[in-house]
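Enquirer: With the hints as your guide, set chain S onto chain E.
There are 2 protein chains.
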Amino acid sequence: VDAALLELQSRLPAEVIDVDPHSLQSYGQDWTRFSKVNASVVLKPQTIEQIQTIIALAKRHQCRIVPSGGRTGLAGGAVATQGEWILSMDRFCRMGTLNTAALSLECEAGVTLEKLQEHLSSTPWQWPVDLASKGSAQIGGLLSTNAGGLKVIRYGHVRRWVQSITMVDGESRVQVLNGPIDKNNSGYNFRELVIGAEGTLGVLVAAHLKLCRKPQRRVHALRPAQSVKHCLESLIAARSFPLELEAFEFFSQDCVNAVLKHRPDLKSLPPAPWYCLWSWDASVGMPWDLSPDEFKAGSWLESAILVEDSSAHEIWAYRESITEALSTRGLVYKNDVAVPVDKLEDFLKELQSFCARAYQGFEVYFFGHLGDGNVHINIVNPNRDSPEAFRAHCESTNPSLYACVANYGGSCAAEHGIGLLKKKELLLTRGPSQVEWMKQVKKVFDPHGLFNPGKIFEADCQIPTAQEDSNT
Amino acid sequence: VDAALLELQSRLPAEVIDVDPHSLQSYGQDWTRFSKVNASVVLKPQTIEQIQTIIALAKRHQCRIVPSGGRTGLAGGAVATQGEWILSMDRFCRMGTLNTAALSLECEAGVTLEKLQEHLSSTPWQWPVDLASKGSAQIGGLLSTNAGGLKVIRYGHVRRWVQSITMVDGESRVQVLNGPIDKNNSGYNFRELVIGAEGTLGVLVAAHLKLCRKPQRRVHALRPAQSVKHCLESLIAARSFPLELEAFEFFSQDCVNAVLKHRPDLKSLPPAPWYCLWSWDASVGMPWDLSPDEFKAGSWLESAILVEDSSAHEIWAYRESITEALSTRGLVYKNDVAVPVDKLEDFLKELQSFCARAYQGFEVYFFGHLGDGNVHINIVNPNRDSPEAFRAHCESTNPSLYACVANYGGSCAAEHGIGLLKKKELLLTRGPSQVEWMKQVKKVFDPHGLFNPGKIFEADCQIPTAQEDSNT
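Each protein sequence line maps, in turn, to chains E and S. Throughout the first sequence, residue numbering follows this note's numbering, covering 3 to 474 in sequence. Throughout the second sequence, residue numbering follows this note's numbering, covering 3 to 474 in sequence.
Hints were generated in silico from the structure; no laboratory data involved. Note that this is a predicted model, so its numbers are computed, not measured. Hints are not guaranteed to be accurate.
Identical chains share a label here; the pair holds if one copy fits it or two copies do between them.
[Stated by the list, open to error] Straight-line alpha carbon distances no greater than 30 Å define the calculated DSSO-like cross-link-like pairs of lysine-lysine that follow: (1) 426 / 445; (2) 117 / 345; (3) 231 / 216; (4) 345 / 216; (5) 216 / 61; (6) 441 / 117.
Just chain E, same shape as in the assembly:
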């Protein structure tokens, strides 16, 4: 490693190289708060040529690279545990001018989502991706994790809004994946492969993003539900209503109780085991302005609280405060699964009964993106004294929990990704032959095994992994 560091220092400007122990700790870590961080150096290149040099040196010295964005991930995808080089994209933060003919915007990998939103704030256009972590999350990370969020039901994942990616590969070559064109059926689509690959195939340096129109106004609804079946009935009714759904969320009464303890300023809600919360794009008109025939289709709305944009925060606060409220109650172990929407009722019944057995003495919270079949199952341990034992307990239950997910044809990582945390579960839900394909595909793009080793799957010739630990 010393010879490698010496050559980095001889080939790169001093300000690109950071070996301060605090930087190694902070850049080696993501929001999963792994306890065993081990990074050799933080590199903050300013040019593509510097990235090419870094990759060539990593290859020569058999070092490994963790491509690094805002490190807001929840699966350990940006954590360094094996003495890797952290390749931070913080200094790649330029944006192009809005292209109104193509409705696109060129953006470097280190631009934060918040900066991008500010850049577009005075225009009628949006990049329709929104996340709580937007102040830190960077474009490169959002693409590498194919980020989701609240509006997937309307706009899909990040993947839908990416026109082109510029990447540096394992041979230090710049690869343009698609280019800034809208139609390109010329051979295998590697842009789509790199999106969601969690930094294992190369270093993303820039992208052309596609934009769309912002809704002119929205209307928001909160409705108590006696069962998951009733939630699904609301979903079907809300989909059939003559407005376009922008989001459709749900959460359990336990979530509301935790939120109310954390946020005493919020009003209590009519008691019910479940709540649905959704938004419609009301550009075509508010529900009460629709024709009598159209509104008749909405008589089921009588039990819902309906508000306009100006009061949206009053009902969205119950949903948006859940994560923070739970973190104040104790240690949190997160599961992020998806099943077919129409199987949610049976799945949640089985899951609730499993959780009641498996997590005695802990608190279990169900919430998430009902319209996408995406359930966040958070296990809370009010006793903060033994994070290792709590994590070990949750991991010991995972084979049963994820076997249930797999039985329903579900995903072990709906939006958070696999990273270091869900590799065993990946085998259950994707199956061994597809994971084997992943390993072989990685070898095609990254023949020297330089990029983000040990993430998503174990490579065949794996460097011994430092012990992993997480307390979230």
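Expert: Same frame as chain E, now just chain S:
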């Protein structure tokens, strides 16, 4: 081949196997009308187990398989030229029931687009893909070619509307790519890789398709333009208008003249070198019903013909009759390229001057999907006597033409795909390193080289290819 045929006959019901010479000719061919068709057998399985048997026998006897749908492709992707087995999906034509919770529909690979549209005709939902070939084009082929069409500007390609694919791989294993779930960030996304892979990675047997709402009404506009620059100004204005664009097309005066000769029932248009034609989703209101402020933004519309859905055919006829009108004029050689939308003006200037030199004695027609940067360049030879010489001439000009496309960062196949016809051009626009990745990725998924050999790229150990020929 005889031993293989005998074993096929011993393992499969008689009605699955067709060796009638007319069937071999017809199923070995697509809309490119290759003259050198060479197929060994047409197989029409009825069950997945039969497909698994066919693949296992192909592997054992070192035979090759051409997965076959409606064969409406324009690049030779479904043509058999090397004595392959044609695996027709005609008998996989079942559809599931509409899933209103997930807004999805399960569909077997052999369902035609027209059948799917009929299935949804009485619902508020659509699979927003539409093509002139819908009566023959099958779901499996639409996915394998990532089909485009008129509405890509609003809805994107086929890939955006596919939730899950069920495929049989080279080891006769059934692989579910994603499953019927909306969120799944668990490792590399192979669904996206298989879409657009032109049948080279496996046999698609079924898919879950995502649906969306049909527009309630649309408004259509035709506007003469003095230059490509004026066309682009119309595009930007039409995008900024408070209605959502559904399509934005353009065509040259020569196209209109050819259409008017073929369709004397159509009115002549005000003379102009170019015409733009577009549709807006007018669900929020017709342009003339918008508020004065909103309509003021549309004063540029004064030179446009605006019509409602009921009269849409009057202006769309000019665009939709082009292909047929040109085919009545002579032999047609088709190019289907895309460049960045904002570079269309410079690109078309260079292209027009190139075509004037390169195609003396022939007619050249420019039309296509301006809003997607997608230009169809059709060369017509009024003399039908020498198809081979005409094709050879066009192919001799391709290196220059596609070098120009590559200089603008364009695609050599915007929507038609590569197939057998655009393999040389692929190297120019994707570059040798990405084509090498394609070859290696194919080996991962198809280690025995069973599927659609010689399409998109030459495999490393290529069976000698029969001479190719096309007259379209």
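Enquirer: Now look at each hint and say whether the structure bears it out.
Expert: Structure-based check of each hint:
1. Taking the closest pair of Cα atoms, residue 426 and residue 445 come within 30 Å of each other both inside a single copy (21 Å) and across two copies (26 Å).
2. For the homomeric pair residue 117 and residue 345, the shortest alpha-carbon distance between copies (27 Å) is at most 30 Å, but the shortest distance inside one copy (39 Å) is not.
3. Only between protomers do residue 231 and residue 216 lie at most 30 Å apart by alpha-carbon distance; the minimum there is 27 Å, versus 32 Å within a single protomer.
4. Taking identical chains as interchangeable, the C-alpha atoms of residue 345 and residue 216 lie at most 30 Å apart only when they sit on different chains, with a minimum of 26 Å there against 32 Å within one chain.
5. Proximity of residue 216 and residue 61 under a CA criterion of 30 Å is satisfied in neither setting, with 45 Å inside one chain copy and 53 Å between copies.
6. Taking the shortest Cα distances, residue 441 and residue 117 never come within 30 Å of each other, neither inside one copy (35 Å) nor across copies (39 Å).
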